[in-house]
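Order-wise, the sequence lines are chains C and A. Be aware that the first sequence starts at 1, since it is given in full-length UniProt numbering, and climbs by one per residue. Be aware that the second sequence starts at 1, since it is given in full-length UniProt numbering, and climbs by one per residue.
It is worth saying that the hints were derived from the structure and are not from the lab. Some hints could be false.
Derived contacts from chain C toward chain A, CB cut-off under 10 Å, selection only [to be verified]:
#, residue
1, Ile8
2, Arg9
3, Arg10
4, Ala45
5, Ile147
6, Ala152
7, Thr154
8, Met155
9, Leu161
10, Leu165
11, Pro172
12, Val204
13, Gly209
14, Ala212
15, Ala213
Ranges of calculated distance between the beta carbons of each label pair, as one might list FRET restraints [stated by the list, open to error]:
#, chain 1, residue 1, chain 2, residue 2, range
16, C, Leu118, A, Arg144, 43 to 49 Å
17, A, Arg144, C, Arg87, 35 to 41 Å
18, A, Arg231, C, Val115, 53 to 59 Å
19, C, Val115, A, Leu199, 42 to 48 Å
Small disclaimer: the values here were computed from a predicted structure and weren't measured. Backbone N, C-alpha and C fix where the C-beta goes; we use that ideal spot for every residue, glycine too.
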Amino acid sequence: MTALAALIRRDIRIALRIGGGALIGVLFFLTVVVLMPFAVGPDLALLTRLGPAILWLGALLASLLTLDRLFTADHEDGSLDLIVMSRTPLELACAAKALAHWLAAGLPLVIATPVLGLLLNLDATATGAVALTLLAGTPALTFIGMIGAALAVTMSRGGLLLAVLVLPLSIPVLIFGVAASQAAIVGPLPFGAPFSILCALSLVSFVIGPFAAATSLRNGLD
Amino acid sequence: MSLIDLANPTRFLALTARLLPWLALVTVVLLAAGLYLSALAPDDYQQGATVKIMFIHVPNAWLSMFVWGVMSLASLGTLVWRHPLADVAAKAAAPIGASFTFLALLTGSLWGRPMWGTYWEWDARLTSVLILFLMYLGLMALWRAVEDPTRAARAAAVLTLVGAINLPIIKFSVDWWNTLHQPASVMRMGGPALDKSFLIPLLVMAIGFSFLFVTLHVAAMRNEILRRRVRSLQMMQARAYTGSAPASGATGPIVGAA
């Protein structure tokens, strides 16, 4: 347990310091949201209507962008081999690494959402709904993406492949994230149903992700 | 001959060499009979002659999912028993499955044009088949991205199994998304049960296409086994060349290169 806590602390520290680049995700998120009005026009009513979808797409792409750092840096300096060989089960180590990655790269996206909601003319309810669904949904994006990151870590052109492999798998998260936000803003569906499914997706990916990632890491590194 | 014997690549090659012509023959006969029956089937009272696209479309759509199931079983073989023949089976199935999925999308689109008035409708079924197609392409990209076949097989096996778990979730969520965004505006077959005059040609075509898959799969597996043998021969040759190079100078012997 102390080993896992140490791993989480180390990963967060690396991510937040020079060379980690976790906060670049937030910058990318901001840039995507700023670009949207240039594409669809400065119509505030339209932006209000599209707001939750834009925020969700931006968060999805931003979390994808930082994913290839999850294992690559450790693979480059050799510490990934030590993690694989250590006595801590690799599945737990993967889960800890993904958790640290979410805390360093996923949670900042959720925190940035209220500010970005202002840019898109979202009211307090809408912003709160999007932030809450992102809080429930981004762990699923990280844990699903971890599988792709583990598959791509040993490949030379892994980054692009990662996006191609992970995006189809994250469609359910996007659907229920946007559906729950819309349900909270305009109805007519109750907020609870899609939101519960979103939480369920996060929990399921928390179970599947570490096992699949550990399997592909073991196979990829030997 | 037990199943274990069949798992030996050499025995597999010998057996399938005898089996393949018969499989091809059965496929041709079934497809010919199916096409003949389809041509004889009556026109639908609403859809006219376009209903006959169904006889191609439905078997392709069915096989697009079936092939992923075959790959998932093969992936279990790869991860649990680490058997090379399972790797070969999974790799050979992916392009065939992608082709079936593409044909299902294409025929569905051609069918949609006269029926729905558009080539593409964001209908739940169409959308989930499109996502399935994307996943096939991603899987094939993964196979090509790793050079060593054994490692590529294990990586692809993980992705195939994750996909097998995720595909029902994606299907369910796309259904949800579809009912949320648009009311059921799409005409569907099978409100009334399918008439016997359509059912029999459809079944014959479905069995014919399944045999087509088995034939193509076995042929592709044979090709893949032979390709791997060629690859390992080339590796051995390269190793022999570099190994003997310091001793015998730059013009090392390439004996047995044939």
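Hint check:
1. Ile8: Hint on Ile8 (chain C): violated, closest Cβ of chain A at ~24 Å, above 10 Å.
2. Arg9: Since the shortest Cβ distance to chain A is 29 Å, the answer is violated.
3. Arg10: 26 Å, violated
4. Ala45: Interface hint status for Ala45 (chain C): violated (20 Å vs cutoff 10 Å).
5. Ile147: 6 Å, holds
6. Ala152: 8 Å, holds
7. Thr154: At 8 Å from the nearest chain A Cβ, Thr154 (chain C) passes the 10 Å test, so the hint holds.
8. Met155: 5 Å, holds
9. Leu161: Nearest chain A Cβ about 5 Å off; hint holds.
10. Leu165: Hint on Leu165 (chain C): holds, closest Cβ of chain A at ~5 Å, below 10 Å.
11. Pro172: 4 Å, holds
12. Val204: 8 Å, holds
13. Gly209: 9 Å, holds
14. Ala212: 5 Å, holds
15. Ala213: 8 Å, holds
16. C:Leu118 to A:Arg144: 43 to 49 Å: Once the Cβ atoms are compared, 45 Å apart, the range 43 to 49 Å for Arg144 (chain A) and Leu118 (chain C) holds.
17. A:Arg144 to C:Arg87: 35 to 41 Å: 36 Å, holds
18. A:Arg231 to C:Val115: 53 to 59 Å: 55 Å, holds
19. C:Val115 to A:Leu199: 42 to 48 Å: Taking Cβ atoms as reference, Val115 (chain C) and Leu199 (chain A) lie about 60 Å apart, which means the hint is violated.
The structure fails hints 1, 2, 3, 4 and 19 (numbered hints given earlier, in ascending order).
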